[in-house]
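Dock chain X against chain Y, hints included.
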Amino acid sequence: MSVSPALAAGDTIRRSDRRLGVVMLTPALAYITVLVALPFLLALFLSLTNSSAGSLDFSFVGLANFRSVIANPVFQRSLQNTFVFTLVSQSLVMLLGNILARALLRPFFGKALARFLILMPWAAPISLATLGWLWIYDSTFSVINWVLLVTGWLEPGQWYYWLGDTTLAMIAIITIHVWRMLPFSTVILLAGLTSIPNEVREAAAIDGAGMLARIFQVEIPMMKPILTVAVLFGVVFTFTDMSLVYLLTRGGPYNSTHVLASLAFQDGVLGGDVGRGAAVAIFLVPVLVVLAIFMLRASRRAEVV
Amino acid sequence: MLARSPARRAVSVVGHRLTVLFFIAFAIFPFYWMVVTSFKQNADLYVGATDVTHNPFIFNRAPTLDHLRTLFGQTLYLTWLTNTLVVGVVVVGITLLLSVPAGYSLARLTARWGERLSIAIFLTYLIPSTLLFIPFSRLVSLLGLQNSHWALILIYPTFTVPFCTWLLMGFFKSLPKEIEESAMVDGCSRVGAIGRIVLPLAVPGLLTVVIFALTLVIQEFVYSLTFISSVEKMTVSVGVPVALVRGDVYYWGSLMAACLITSVPIAIIYNFFLDRFIAGFTVGAIK
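Taken in order, these protein sequences are the chains called Y and X. Each residue of the first sequence is one higher than the one before, counting from 4 in this note's numbering. Each residue of the second sequence is one higher than the one before, counting from 38 in this note's numbering.
Looking at chain Y on its own, in the form it has when it is part of the complex:
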């Protein structure tokens, strides 16, 4: 970077500019503090109270919400579901995303159109896209069942109730989530692959590295910062998502497909038990904190690189 003489004395910024900087930054910071940081603390606080949606009165109940939440089998199930959902869908997304990004790296006819079509699931509003899938998984008219019948996978008389069976519903939910997140991870990974200079690939090839060796010993280590970004955002979006479960199954059958976020919504908003809903949502925090730490470390490392 070229440094103009006026700024050569390090990072010094004139005093008037510094004051202007504070003035320009304050509105946004104030907004974020009042409407993100304070509500976040309020969520922690509410989880310790018995407040309900109907009134603004409440009293302190200590850890009672947490005790009753942890003892609840529906909560235990939803905690397990959240982790299964996140791990399975993110593993699939990273695997498929790497394959797809590599495929899109090669030049071919119609690449721009292919990229646009592959991106559509990420751009479409999630609630509307999920509605499309709801119709695909319909109990009577499911096109998937039709295909399975025609190909002989299902015997006549045999039937899949996609959203009426716990295992099938989880498969359905994970499929939609992979469908939606794959474009996001793919474009991030593609950006990472594009940033690897061609000379590196050629040098590896000249040194006799096979394709797998090249991928695992050269490209993946070089892409580590960007892989981290893709994984972290993917996990955040997956771990905290409630729209999919809410729209597809409402947690059913028998509350067996809830994730933490959808259970918090059911308890805290639909059920009106604010304290309990907050307590359920708080269980998202430890994982988010760990992710934030990883994110910070990744960003610091990227600066050093």
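FYI, nobody ran anything at the bench for these hints, they're computed from the structure. For clarity, every value in this text was computed on a predicted model and none was experimentally measured. The C-beta atom is built at its ideal place from N, Cα and C for all residues, glycine as well. One or more hints might be untrue.
As the list claims (entries may be wrong) - Between beta-carbon pairs, the in silico distance windows are:
#1 Y:L47 to X:S211: 46 to 56 Å
#2 X:L134 to Y:E205: 47 to 57 Å
#3 Y:R22 to X:F59: 55 to 65 Å
Below, chain X alone, put in the same frame as chain Y:
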């Protein structure tokens, strides 16, 4: 590259094209399904999947515009679209007012602490709506904003402002400093230089922010579901899945038409701005 036999190369090309086609099919199948459903007659649509002789992938009867007529004539779809755009425009305005100065300040006017602060702003992106909707519901009822668009207008900037500030910071950093400095040498104040020189140059960045804030608003589901209860005030992402279903009856033709008509324009606009959007996520991770 090492020389490869033509046969191996052909296999590799075919494999590559098949891979791409497979992923395209997976990505667009639901949209294809929306198209087919939107234009099918009910008699063609509601044949149970047990009838293996009835191919659901094609039009077995002539296509119809009935579902579109129902959607535009007998539902509140257009009202929901209008609501969404009204909320969207106001939120975009607030987002620009807050994040343009903040982005510029972080890019130019703050030293070391600004960098830390920008990371802190980015981290607020990690606090999900599913954690905040409960405290927000308290706040909204305290302010008496239940079932009002003002609730959404108040809350939506909580996710647009951090992301747009981050994007704009990156954008301002990419403009050469010398431009403002020479204007200031010529007697312009810093504020004057921003208004006359920097902002006109930043139009592409501002446009990106407008598009993203708007698409984030159109896509938002959780807050809108929580805070808006009357059907005529809903935004499109909630109205269609919640209120277009009458009783237990799904009007799949109209529903799919609504999904399609809302999603495709957003997807097209998104595609144009994708590279900047990705840059917003990966600043720092790629040199």
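Which numbered hints does this structure break?
1
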